[in-house]
Amino acid sequence: MKKTGILIELENGRVKETSLGMITLAARTEADLHALVLDGVDDTACDILAQYGITTVVDLALASDPEIRLNPAVRADAAAQAAQKLQLDVIFGLSSADGKDFIPRVAALLDAPLVMDCLDVDLEKNIARTSQYSGKVLADIQLTGDVVIFGIRPNAVQPVPSPAQTKKITVPADNTVPADFVLVSWDDGENSSRTSLAEADIIVAGGRGLKNKDNFSLIFDCAEKMNAAVGASRVAVDEGWVSYAYQVGQTGEKVNPQVYITFGISGSIQHFAGMKTARMIIAVNKDDNAAIMANCDYQVQGDVFEILPELIRQL
Amino acid sequence: MQIYVCIKHVPDSAANIHLLDDTRIDEKVAFLLNPYDEHAVTEAAALKKKAADSEIIAVCIGKPDAEKTIRTAMAMGADRGILVETDEACDSMTTARALHAAIVQDGSADIIFTGKESIDSEGMQTQFRIGALFGFPVVTNAAFLDVTSGKAVVTCELSGGRTRTFELALPCVVGAGRGLNTPAYPTFPDVVKARKKPIKTISLDSLSITPAGGSAKTVALAPLVQKRHPKKITGTPADQAKEIIRILQKEAKVLA
Ligand SMILES: Cc1cc2nc3c(=O)[nH]c(=O)nc-3n(C[C@H](O)[C@H](O)[C@H](O)COP(=O)(O)OP(=O)(O)OC[C@H]3O[C@@H](n4cnc5c(N)ncnc54)[C@H](O)[C@@H]3O)c2cc1C
Numbered sequence: 001m002k003k004t005g006i007l008i009e010l011e012n013g014r015v016k017e018t019s020l021g022m023i024t025l026a027a028r029t030e031a032d033l034h035a036l037v038l039d040g041v042d043d044t045a046c047d048i049l050a051q052y053g054i055t056t057v058v059d060l061a062l063a064s065d066p067e068i069r070l071n072p073a074v075r076a077d078a079a080a081q082a083a084q085k086l087q088l089d090v091i092f093g094l095s096s097a098d099g100k101d102f103i104p105r106v107a108a109l110l111d112a113p114l115v116m117d118c119l120d121v122d123l124e125k126n127i128a129r130t131s132q133y134s135g136k137v138l139a140d141i142q143l144t145g146d147v148v149i150f151g152i153r154p155n156a157v158q159p160v161p162s163p164a165q166t167k168k169i170t171v172p173a174d175n176t177v178p179a180d181f182v183l184v185s186w187d188d189g190e191n192s193s194r195t196s197l198a199e200a201d202i203i204v205a206g207g208r209g210l211k212n213k214d215n216f217s218l219i220f221d222c223a224e225k226m227n228a229a230v231g232a233s234r235v236a237v238d239e240g241w242v243s244y245a246y247q248v249g250q251t252g253e254k255v256n257p258q259v260y261i262t263f264g265i266s267g268s269i270q271h272f273a274g275m276k277t278a279r280m281i282i283a284v285n286k287d288d289n290a291a292i293m294a295n296c297d298y299q300v301q302g303d304v305f306e307i308l309p310e311l312i313r314q315l
Numbered sequence: 001m002q003i004y005v006c007i008k009h010v011p012d013s014a015a016n017i018h019l020l021d022d023t024r025i026d027e028k029v030a031f032l033l034n035p036y037d038e039h040a041v042t043e044a045a046a047l048k049k050k051a052a053d054s055e056i057i058a059v060c061i062g063k064p065d066a067e068k069t070i071r072t073a074m075a076m077g078a079d080r081g082i083l084v085e086t087d088e089a090c091d092s093m094t095t096a097r098a099l100h101a102a103i104v105q106d107g108s109a110d111i112i113f114t115g116k117e118s119i120d121s122e123g124m125q126t127q128f129r130i131g132a133l134f135g136f137p138v139v140t141n142a143a144f145l146d147v148t149s150g151k152a153v154v155t156c157e158l159s160g161g162r163t164r165t166f167e168l169a170l171p172c173v174v175g176a177g178r179g180l181n182t183p184a185y186p187t188f189p190d191v192v193k194a195r196k197k198p199i200k201t202i203s204l205d206s207l208s209i210t211p212a213g214g215s216a217k218t219v220a221l222a223p224l225v226q227k228r229h230p231k232k233i234t235g236t237p238a239d240q241a242k243e244i245i246r247i248l249q250k251e252a253k254v255l256a
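Which chain is which? The protein sequence lines are C and D, in order.
Using the numbering used here, read the first sequence as starting at 1 and increasing by one per residue.
Using the numbering used here, read the second sequence as starting at 1 and increasing by one per residue.
To be clear, the hints were calculated from the coordinates, so they are not data collected in a lab.
Since the structure is predicted, the reported quantities are computational estimates derived from the model, not experimental observations.
Please note that a few of the clues may not be correct.
Said to hold, decoys possible - In silico lysine to aspartate or glutamate, DMTMM-like type, Cα no more than 25 angstroms apart, as pairs:
no.	chain 1	residue 1	chain 2	residue 2
1	D	Lys253	C	Asp221
2	D	Lys49	D	Glu243
3	D	Lys200	D	Asp110
4	D	Lys232	C	Glu11
5	D	Lys217	C	Asp120
6	C	Lys211	C	Asp187
7	D	Lys232	C	Asp140
8	C	Lys213	C	Asp238
9	D	Lys253	C	Asp297
10	D	Lys250	C	Glu17
11	D	Lys242	C	Glu30
12	D	Lys250	C	Asp201
13	C	Lys85	C	Asp140
14	C	Lys168	C	Asp89
15	D	Lys253	C	Glu11
16	C	Lys286	C	Asp214
17	D	Lys250	C	Glu224
18	D	Lys193	D	Asp53
19	D	Lys227	C	Asp287
20	D	Lys217	C	Glu124
21	D	Lys28	C	Asp140
22	C	Lys286	D	Glu243
23	C	Lys125	D	Asp21
24	D	Lys217	C	Glu30
25	D	Lys242	C	Glu306
26	D	Lys50	D	Glu88
27	D	Lys227	C	Asp122
28	D	Lys227	C	Glu306
29	D	Lys217	C	Asp111
Said to hold, decoys possible - Here are some, though not all, of the chain C residues that point toward chain D, as calculated from beta-carbon distances under 10 angstroms:
no.	residue
30	Asp117
31	Asp188
32	Gln247
33	Ile282
As the list claims (entries may be wrong) - Some residues of chain D that are not near chain C, with every Cβ distance over 12 angstroms (derived):
no.	residue
34	Ala51
35	Glu85
36	Ile199
37	Ser206
All residues carry an ideal CB built from backbone N, CA and C; glycine is no exception.
Use the sequences and the hints to build the structure in full.
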């Protein structure tokens, strides 16, 4: 039986939904499922992991000082060492904002093959499905090696409970900060409580049609009422209405929400590259011929300045 | 300083991608310098402005046609180029080994730039593998860089406006993000000058790299087709808003 290690992301001490989705994906093939937790694991977290099919919870006991805990080199070293000690065959991690600076480090340390941003994984054959060429092509990539690593796109799989008996072990991290790689400061942003783009269920996105920064605040108002994340086209970013962190697309964030709602976005090939896997796309645009209108699930022809305030009022 | 910039020759992001067969795309489309690598070259050129005795070397693995992309990097500030020629599609473990070997053969790096990812295979990992092979520290999605007295201070972006600032000893590997700078497109005289700059072409085989223990191989490609069939939501703006809310609640079930 394969031994699979799943790198669990927590948010305020709680296991993220997206992490549970990874467990469900890993459990499709019979395997001994290990949850590797870096940031401390309490009984509640253990119970949740057990409910979704984890047989061993591995506490990597990372030091709580942020200079150590937030250093991606320390984190990667802890995960790589645990993978070796536990003799894992497969490692899953999230292809999230943090995962992109973590999973590839683990792969590099183990000199193991990796596919990031997997939409699906077949563990019988170690084949991952991912998108390439700005979302224009689906690629199946087969990995070979003693240990193979998959970075799973958040929300690629909906978590399904599948209770298991769980034991907890500790494989303590080294907790040594390398002298050549020191974290000196960190900024968790003014809006860190806001839903993150990569993991949001609903994204409300605005583009050039919003015309200026003041108007763009309508997008934030609408998102807040829906408990959604805010996205933007590159034009909205280049115009300075929102920071680059909000950009969705080929050179921005790749997102995978249940619903993606656009206001005043034309649907360029590069924007689609970041959101075409959304389960449902609702497009609001005044131009019936905009590319996005032909490539969505619901087209709402109209003026954003009429529809957006109505939505905010009715929500 | 000896500054190496690893660059990739990729299909234009606006190009339509057609498949020749199960594992190959039709390469008869415009290819250019990977957009994130533009930021890498631009940053290298900015560093050189401050440390004038620096040399910028663009290193690219690819087919002979990739010379065009090296010329672009030269027009943007690289002094010379190295093309590691191969017709094979390399996975990132092989790519990193080849870049490592080509750089070691050429000189002694003080800093190595890459883009944070390539827009064709979107692997997001080569920078880390290069770092591991050299034993250099690595950052990715860099948005600010300052190099002084043997160390680099780099601010990297995570999503949602979160940032991390690191102090790295040189030599180090920096994966450039879009926030790092604004690439200036080369002027005609720059393009002309770039034509005269030297490119050393070596074959991948001549580097005799030790194969990796594992591999990543593309076994199937398929066009990602959209099968969306748009339905219209009509009526007054108030009707349209109401219907959107109904869909979110009843169909997508994402709103209570
Ligand atoms: C290498 C490269 C990378 C890129 N990466 C990205 C990326 O990551 N993300 C990205 O988004 N773009 C990216 N782009 C840019 C992309 O090509 C487009 O320019 C951009 O997506 C267009 O943004 P937009 O839809 O907001 O603007 P536009 O294309 O100008 O569309 C505006 C839309 O708003 C509609 N509109 C205007 N007023 C109203 C109104 N009052 N009510 C309703 N509708 C209205 C118009 O009908 C139009 O359809 C990239 C480009 C390149 C070359």
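Against the structure, the hints:
1. At most 25 angstroms may separate the alpha-carbon atoms for a hinted pair to count; lysine 253 of chain D and aspartate 221 of chain C meet this at roughly 21 angstroms.
2. For the hint pairing lysine 49 of chain D with glutamate 243 of chain D, the CA-to-CA distance comes to about 57 angstroms; that exceeds 25 angstroms, so the pair is violated.
3. In summary, the hint linking lysine 200 of chain D to aspartate 110 of chain D is supported, as the alpha carbons are separated by about 20 angstroms, within the 25 angstroms threshold.
4. For the suggested pair lysine 232 of chain D and glutamate 11 of chain C, the alpha carbons sit about 39 angstroms apart, so the restraint of at most 25 angstroms is broken.
5. Restraint check for lysine 217 of chain D and aspartate 120 of chain C: satisfied, since their Cα atoms lie roughly 16 angstroms apart, inside the 25 angstroms limit.
6. At roughly 30 angstroms between alpha-carbon atoms, lysine 211 of chain C and aspartate 187 of chain C are farther apart than 25 angstroms, so this suggested pair is violated.
7. Proposed proximity of lysine 232 of chain D and aspartate 140 of chain C is contradicted: the alpha carbons are some 35 angstroms apart, above 25 angstroms.
8. Using a Cα cut-off of 25 angstroms, the hinted pair lysine 213 of chain C and aspartate 238 of chain C holds, with the two alpha carbons roughly 11 angstroms apart.
9. Restraint check: the Cα-Cα separation between lysine 253 of chain D and aspartate 297 of chain C comes to about 15 angstroms, which is no more than 25 angstroms; the hinted pair holds.
10. Between lysine 250 of chain D and glutamate 17 of chain C, the direct Cα distance comes to roughly 22 angstroms. Compliance with the 25 angstroms bound is thereby established for this hinted pair.
11. Proximity of lysine 242 of chain D to glutamate 30 of chain C is assessed by CA-CA distance (about 46 angstroms); at most 25 angstroms being required, the pair is judged violated.
12. Distance check on the hinted pair: lysine 250 of chain D and aspartate 201 of chain C sit about 15 angstroms apart at the alpha-carbon level, within 25 angstroms; holds.
13. Between the alpha carbons of lysine 85 of chain C and aspartate 140 of chain C the distance comes to roughly 30 angstroms, so the proposed pair goes past 25 angstroms and is violated.
14. Taken as a hint, the lysine 168 of chain C and aspartate 89 of chain C pair is honoured in the structure, with Cα atoms around 20 angstroms apart against an allowance of 25 angstroms.
15. Under the criterion of a C-alpha separation no larger than 25 angstroms, the hint pairing lysine 253 of chain D with glutamate 11 of chain C is consistent with the structure, at around 24 angstroms.
16. The hinted pair formed by lysine 286 of chain C and aspartate 214 of chain C meets the criterion: a straight-line CA distance of about 20 angstroms does not exceed 25 angstroms.
17. This hinted pair checks out: lysine 250 of chain D and glutamate 224 of chain C have alpha carbons roughly 20 angstroms apart, not beyond 25 angstroms.
18. Distance hint between lysine 193 of chain D and aspartate 53 of chain D is fulfilled; the C-alpha atoms sit about 19 angstroms from each other, no more than 25 angstroms.
19. Between lysine 227 of chain D and aspartate 287 of chain C, the direct Cα distance comes to roughly 21 angstroms. Compliance with the 25 angstroms bound is thereby established for this hinted pair.
20. With a C-alpha separation of about 16 angstroms, the suggested pairing of lysine 217 of chain D with glutamate 124 of chain C holds against the 25 angstroms cut-off.
21. This hinted pair checks out: lysine 28 of chain D and aspartate 140 of chain C have alpha carbons roughly 22 angstroms apart, not beyond 25 angstroms.
22. Only pairs whose Cα atoms come within 25 angstroms are accepted, and lysine 286 of chain C paired with glutamate 243 of chain D is accepted, the gap being roughly 17 angstroms.
23. Distance hint between lysine 125 of chain C and aspartate 21 of chain D is fulfilled; the C-alpha atoms sit about 21 angstroms from each other, no more than 25 angstroms.
24. Taking the CA atoms of lysine 217 of chain D and glutamate 30 of chain C, the gap is about 24 angstroms. The hint holds against a cut of 25 angstroms.
25. Simply put, lysine 242 of chain D and glutamate 306 of chain C have alpha-carbon atoms about 13 angstroms apart, close enough for the 25 angstroms limit, and the pair holds.
26. A C-alpha spacing of about 38 angstroms is found between lysine 50 of chain D and glutamate 88 of chain D, which places the hinted pair above 25 angstroms, so the restraint is violated.
27. For a cut-off of 25 angstroms, the pair hint linking lysine 227 of chain D to aspartate 122 of chain C stands: about 24 angstroms separates their Cα positions.
28. This hinted pair does not check out: lysine 227 of chain D and glutamate 306 of chain C have alpha carbons roughly 29 angstroms apart, beyond 25 angstroms.
29. At roughly 16 angstroms between alpha-carbon atoms, lysine 217 of chain D and aspartate 111 of chain C fall within 25 angstroms of each other, so this suggested pair holds.
30. For the restraint placing aspartate 117 of chain C at the interface with chain D, the shortest Cβ-Cβ distance is roughly 7 angstroms, inside the 10 angstroms limit, so the hint holds.
31. The interface hint given for aspartate 188 of chain C is met, as the beta carbon of that residue sits about 5 angstroms from the closest beta carbon of chain D, less than 10 angstroms.
32. The interface hint given for glutamine 247 of chain C is met, as the beta carbon of that residue sits about 8 angstroms from the closest beta carbon of chain D, less than 10 angstroms.
33. The beta carbon of isoleucine 282 of chain C comes within 6 angstroms of a beta carbon in chain D, closer than 10 angstroms, and the hint placing it at the interface holds.
34. Chain C leaves alanine 51 of chain D outside its interface by the beta-carbon criterion, the shortest separation being 20 angstroms against a cut-off of 12 angstroms.
35. At roughly 23 angstroms, the least C-beta separation between glutamate 85 of chain D and chain C is larger than 12 angstroms, which holds for a residue marked as non-interface.
36. Here isoleucine 199 of chain D stays apart from chain C, with its beta-carbon at least about 27 angstroms from theirs, past the 12 angstroms limit.
37. With a least CB separation of 23 angstroms from chain C, serine 206 of chain D remains clear of the 12 angstroms interface cut-off, as annotated.
Checked against the numbered hints above, the structure violates hints 2, 4, 6, 7, 11, 13, 26 and 28; every other hint is satisfied.
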